[in-house]
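Peer 1: Sequence:
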Amino acid sequence: MTNSLLFDFTVDKSIKTVVVTREFEAEKQLVWDAFTKKEILDQWWGPKPLRSKTKYMDFSVGGRRFYAMVSPDGQERWSIQKYTSISPITNFKLKNAFADKDENPELPGSDWDVNFTEQNGTTKVDIIIYNESLDRMEKMIEGGFVKEGFILMFNNLDEMLPVLSQQQ
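In terms of this note's numbering, the sequence shown opens at residue 647 and continues consecutively.
Hints in this document: simulated from the structure, not taken from any laboratory. Any given hint could be a false lead.
Claimed, not checked - Pairs of lysine to aspartate or glutamate, EDC-like flavour, derived with a Cα cap of 16 Å:
no., residue 1, residue 2
1, Lys701, Asp746
2, Lys728, Glu749
3, Lys684, Asp704
4, Lys662, Glu788
5, Lys662, Asp757
6, Lys701, Asp748
7, Lys741, Glu722
8, Lys739, Asp704
9, Lys699, Glu722
10, Lys741, Glu764
11, Lys659, Asp781
12, Lys741, Glu778
13, Lys739, Asp759
14, Lys674, Asp757
15, Lys662, Glu784
16, Lys674, Glu764
17, Lys793, Asp658
18, Lys699, Asp719
19, Lys699, Asp748
Unchecked claim - So the derived label-pair ranges between C-beta atoms look like this:
no., residue 1, residue 2, range
20, Ser733, Tyr776, 15 to 21 Å
21, Lys747, Pro695, 18 to 24 Å
22, Pro734, Asp654, 24 to 30 Å
23, Gln813, Leu753, 20 to 26 Å
24, Lys683, Gly789, 30 to 36 Å
25, Pro695, Ser660, 34 to 40 Å
26, Pro808, Asn750, 37 to 43 Å
27, Met806, Asn761, 18 to 24 Å
28, Pro734, Gly789, 34 to 40 Å
C-beta: ideal position from N, C-alpha, C; glycine also.
Start from the sequences and build out the full structure, keeping to the hints where you can.
Peer 2: Structural data, given as structure tokens:
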């Protein structure tokens with residue numbers, strides 16, 4: 647990551663919201679594809695040594711992604727994402743919940759609002775995560791694991807973007 651690229655992680659407990667902002671040195675279409683195509687998403691979504699394993703993904707309004715974060719020893723932590731709104735190449739929204747391997751959600755969950763903007767070849771991604779409960783949010787952010795996880799995942803994406811750009 648170029649040091650001049652923006653990364654911000656803000657927690658507002660009063661409204662149960664986490665906001666993650668990150669810039670990437672890539673065109674918006676490429677960054678959008680990295681967030682919305684299973685075959686790309688599984689390559690970077692997960693802080694190493696964890697990896698993402700998507701069982702299925704239907705990126706459409708009402709569609710779902712069911713995936714696990716897999717540890718090096720094979721332990722799986724499943725999540726379900728249901729896409730509630732898609733404005734191609736600019737925004738998508740989803741409901742997220744942890745789940746068991748049989749797709750039974752652990753509620754409460756969270757609502758994600760993911761926005762993409764581009765200026766001069768740099769794409770900014772803003773992710774607003776509204777948690778249905780303060781307790782869930784506090785568990786999510788305790789110890790800084792979620793912030794560190796986003797940093798590591800986005801660094802993974804930084805490494806992939808030049809390769810993806812050459813494949814286009």
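Peer 1: Next step is simple, just say for each hint if it's right about the structure.
Peer 2: Do the hints match the structure? See the list:
1. Between Lys701 and Asp746, the direct Cα distance comes to roughly 13 Å. Compliance with the 16 Å bound is thereby established for this hinted pair.
2. For the suggested pair Lys728 and Glu749, the alpha carbons sit about 12 Å apart, so the restraint of at most 16 Å is met.
3. A threshold of 16 Å between alpha carbons decides the hint, and for Lys684 with Asp704 the separation of about 9 Å falls inside it, so the pair holds.
4. About 14 Å separates the Cα atoms of Lys662 and Glu788, which keeps this hinted pair within 16 Å; it holds.
5. Restraint check: the Cα-Cα separation between Lys662 and Asp757 comes to about 11 Å, which is no more than 16 Å; the hinted pair holds.
6. Annotation: proposed proximity of Lys701 to Asp748 holds, straight-line Cα distance about 11 Å (limit 16 Å).
7. For a cut-off of 16 Å, the pair hint linking Lys741 to Glu722 is broken: about 20 Å separates their Cα positions.
8. As the CA atoms of Lys739 and Asp704 are separated by approximately 14 Å, the hinted pair is consistent with the 16 Å bound.
9. Distance check on the hinted pair: Lys699 and Glu722 sit about 9 Å apart at the alpha-carbon level, within 16 Å; holds.
10. For a cut-off of 16 Å, the pair hint linking Lys741 to Glu764 is broken: about 25 Å separates their Cα positions.
11. With a C-alpha separation of about 10 Å, the suggested pair Lys659 and Asp781 falls inside the 16 Å cut-off, and the hint holds.
12. Our distance criterion of 16 Å between C-alpha atoms is met by Lys741 and Glu778, whose separation comes to about 10 Å.
13. Taking the CA atoms of Lys739 and Asp759, the gap is near 5 Å; set against the 16 Å cutoff, the hint holds.
14. This hinted pair does not check out: Lys674 and Asp757 have alpha carbons roughly 23 Å apart, beyond 16 Å.
15. Proximity of Lys662 to Glu784 is assessed by CA-CA distance (about 9 Å); at most 16 Å being required, the pair is judged to hold.
16. Restraint check: the Cα-Cα separation between Lys674 and Glu764 comes to about 6 Å, which is no more than 16 Å; the hinted pair holds.
17. Among the hinted pairs, Lys793 with Asp658 is consistent with the structure: their alpha-carbon atoms are about 14 Å apart, no more than 16 Å.
18. Annotation: proposed proximity of Lys699 to Asp719 holds, straight-line Cα distance about 14 Å (limit 16 Å).
19. With a CA separation close to 15 Å, the supplied pair Lys699 and Asp748 stays within the 16 Å bound.
20. Taking the beta carbon of each, Ser733 and Tyr776 are about 18 Å apart, inside 15 to 21 Å as hinted.
21. Judged by the Cβ atoms, the range 18 to 24 Å given for Lys747 and Pro695 holds: they are separated by roughly 21 Å.
22. The given range of 24 to 30 Å is respected by Pro734 and Asp654, whose C-beta atoms sit roughly 25 Å from each other.
23. A beta carbon spacing of about 39 Å between Gln813 and Leu753 contradicts the range 20 to 26 Å that was offered as a hint.
24. Separated by about 31 Å at the C-beta atoms, Lys683 and Gly789 satisfy the suggested range of 30 to 36 Å.
25. Checked against the hint of 34 to 40 Å, the pair Pro695 and Ser660 passes, with Cβ atoms roughly 35 Å apart.
26. For Pro808 paired with Asn750, a C-beta distance near 40 Å keeps the hint of 37 to 43 Å intact.
27. For the pair Met806 and Asn761, the supplied restraint of 18 to 24 Å holds, since their beta-carbon distance comes to about 21 Å.
28. For the hinted restraint 34 to 40 Å between Pro734 and Gly789, the CB-CB distance of approximately 36 Å keeps it satisfied.
Consistency with the previously given hints fails for numbers 7, 10, 14 and 23, ordered from lowest to highest.
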